[in-house]
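Enquirer: Chains E and D supply the protein sequences, listed in that same order. Numbering (the numbering used here) for the first sequence: 630 to 921. Numbering (the numbering used here) for the second sequence: 16 to 400.
Hints in this document: simulated from the structure, not taken from any laboratory. A couple of the hints might just be wrong.
Claimed, not checked - Derived Cβ-Cβ restraints for the label pairs, each shown as a range:
no. : chain 1 : residue 1 : chain 2 : residue 2 : range
1   : D       : 76        : E       : 869       : 29 to 37 Å
2   : D       : 197       : E       : 692       : 34 to 42 Å
3   : D       : 369       : E       : 685       : 51 to 59 Å
4   : D       : 197       : E       : 671       : 25 to 33 Å
5   : E       : 709       : D       : 111       : 40 to 48 Å
6   : D       : 80        : E       : 703       : 52 to 60 Å
7   : D       : 111       : E       : 716       : 45 to 53 Å
8   : D       : 197       : E       : 659       : 42 to 50 Å
Ideal placement from N, C-alpha and C gives every residue a C-beta, glycine not left out.
Here is how the chains run, residue by residue.
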Amino acid sequence: MSVLVDSGTKLVVSGLTGREGSFHGMNNRRYGTDLVAGVTPGKGGQDVEGVPVFDTVHEAVAETGANTSMIFVPPRFAADAILEAADAGIELVVCITEGIPVHDMLRVYTHLRRGPTRLIGPNCPGILSPGKANVGIIPAHFFSEGNVGLVSRSGTLTYQIGNELAQRGFGNSSIVGIGGDPVQGSSFIEIIDLFQADPQTELIVMCGEIGGEDEERAAEHVAEHVDKPVVAYIAGFTAPPGKTMGHAGAIISGSKGTAQAKAEALEAKGVRVGRTPTEVAEIAAEIAGATV
Amino acid sequence: MDLLEYQGKQLFRAHGVPVPDGRPAATVEEAVEAADELGYPVVVKAQVLIGGRGKAGGIKVAGDRSEVEAHAGAILGMDIRGLTVHELYVERASEIAEEYYAAILLDRTAKKPMAMLSRMGGMDVEEIAATDPNAIVRIHVDPLLGFSDFHGRRLAFEAGIAGDVVRPVSVVLAKLYEAFAEEDAVLVEVNPLLVTADREVVALDAKVTVDGNALYRHPDTATFRDVSAEDPQERMAKERGLTFVKLDGDIGILGNGAGLVMSTLDVVAQAGGHPANFLDAGGGSKAEAIVDAVEVILSNRNVRAVLFNIFGGITRCDEVARGLVTAFGQLDVKVPFVVRLDGTNDEEGRRILAEANLPNVTVEKTMDGAAARVVELARSAEAVS
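Could you put the whole structure together from the sequences, leaning on the hints where they help?
Expert: Shown next, in the form of structure tokens:
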């Protein structure tokens, strides 16, 4: 098993005819993801390397049975593309686009919460279930199938930690990038719950960063609802307050949202926090060794 | 993007939030002219993006022209907590009867807008929260439904403000919400929200932060960006499309991806070093971007050593290596570099660096090893100088 994407995923890409959309969409297909359609308004009837392109997501769903959408459209059109996918009945929307206005995301998030569609991202690297499906921009060749569920707010940091884990012989059930924006579709808690329920996942690694309170809330949640071991990493111990560190979400004001406060909240609830990516893998190896 | 008080008030006016009459001024002459137009007494206010202006002597009441001259002369050029005052706002003075606090902001945890009101305005909001947490009433607003009259009434009644201004304060709150939503703001704060001696409700201050990602919808607000107030190195980086934050250490840092760069700063700090900057070269960094990045990093004279930490996903390590070789060819590089390349095309990248045989470049295999090495190099450079 795995979470969110697998061999049952039928992917439609909004923005498949664009440079980034076609590059990553085709990469995902080469990995084995069932890429069934692309959507670009006005380009219906064309194809990208044999993948049919439709004018609307509704048409793509009706014609191909797509159940997962990946959004690769520019920021000013992305909120609309997410809403369109949800309206067409897509169960899972993965939004890679970075730089979407936060008020757009407030409306989208509030609307999606009232329906069945789950959103991952925006401003995220997507989801990889090694050996099954890749939806997004995660370089799949670093990762193999295994029992670690990895959830992260950052892209390259995920690769770094995933690689450290791989060097100690760990593979992954799924890797989920939830994104670095202040308003993301899914938070740590929801993905951790999926890993808790997934039989393949035996260990959960969460990779957070400064800003917001998601890590603190995850700490509370893990203590009450999760019996699988969780190891955490928090980036941004040396970030100065009030400065945005690249991710729109990674800004700290006051003591709230600092890396120190997050690490302490997690440790208080029994979640071990690695101080470097290497240490995360060492802790994971220690836990795995103890449970075998 | 944070706005200056007078810029925030410009947005307030556009949405019907009452503010005292006022004019911006960049010189003493302009301040006097503004005061003459407005009529005395006026308040001369420093326009800087930092709190505590009043305590620092950046806000003064002037009863006549000579007082405006004196205050404007003293405040222009004044240093307020590290920021130099380049602009003033001259405003009609108000007679204060009550001071409240009002704000609309994005609550990240709830992922909803939040409206706040307190009858204890005029002081630091953190101070109010510490003195009497119940004195600040907070409610969430559904972004799809917007601000309803009942939100305003609830805030006003629960905050316990004077009965005769419940209605006008509720109206101001609704207009502040309108400004928040329509201007793509993430924070709209008024402290104090004033009740004048004539029982009029006016916003005496304006602290507005707008979403930089939404500036394309607000071309007028986009012109508020004050490039002269930006750090020259940060401006240089921005012009080249790099995400850069200046820090106060001596080790230049370059990485790809915000999370990895933050993590790199932490690992360097744990190894005993002090990062000089945060620089995210971004995904898919091409050779030219690397040349630009090296130039930005080295423009900081405090830098004694530089660490490149790349985990290639979309970014290809061979491109990064080529960029570094080009940079060494174009720039006069005097400080040592430590380079760690992992991920996509890492072997090719290391081969390129080995062949180029650049002076002062050490290649390390791991992030921890690279951090330890760069800290050592920065220390020995410090010992020499």
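Enquirer: Could you run down the list of hints and mark each one as holding or not?
Expert: So, going through the hints one by one against the coordinates:
1. Under the hint 29 to 37 Å, the C-beta atoms of residue 76 of chain D and residue 869 of chain E, about 35 Å apart, fit the expected range.
2. Checked against the hint of 34 to 42 Å, the C-beta distance between residue 197 of chain D and residue 692 of chain E comes to roughly 39 Å, which is consistent with it.
3. Between residue 369 of chain D and residue 685 of chain E the beta carbon distance is about 53 Å. The supplied range of 51 to 59 Å therefore holds.
4. As the Cβ distance of residue 197 of chain D to residue 671 of chain E is approximately 30 Å, the hint placing it in 25 to 33 Å holds.
5. Checked against the hint of 40 to 48 Å, the C-beta distance between residue 709 of chain E and residue 111 of chain D comes to roughly 47 Å, which is consistent with it.
6. For the pair residue 80 of chain D and residue 703 of chain E, the supplied restraint of 52 to 60 Å holds, since their beta-carbon distance comes to about 53 Å.
7. For the pair residue 111 of chain D and residue 716 of chain E, the supplied restraint of 45 to 53 Å holds, since their beta-carbon distance comes to about 52 Å.
8. Between residue 197 of chain D and residue 659 of chain E the Cβ separation comes to about 45 Å, which falls inside the hinted range of 42 to 50 Å.
When the structure is compared with the earlier hints, no violation turns up for any of them.
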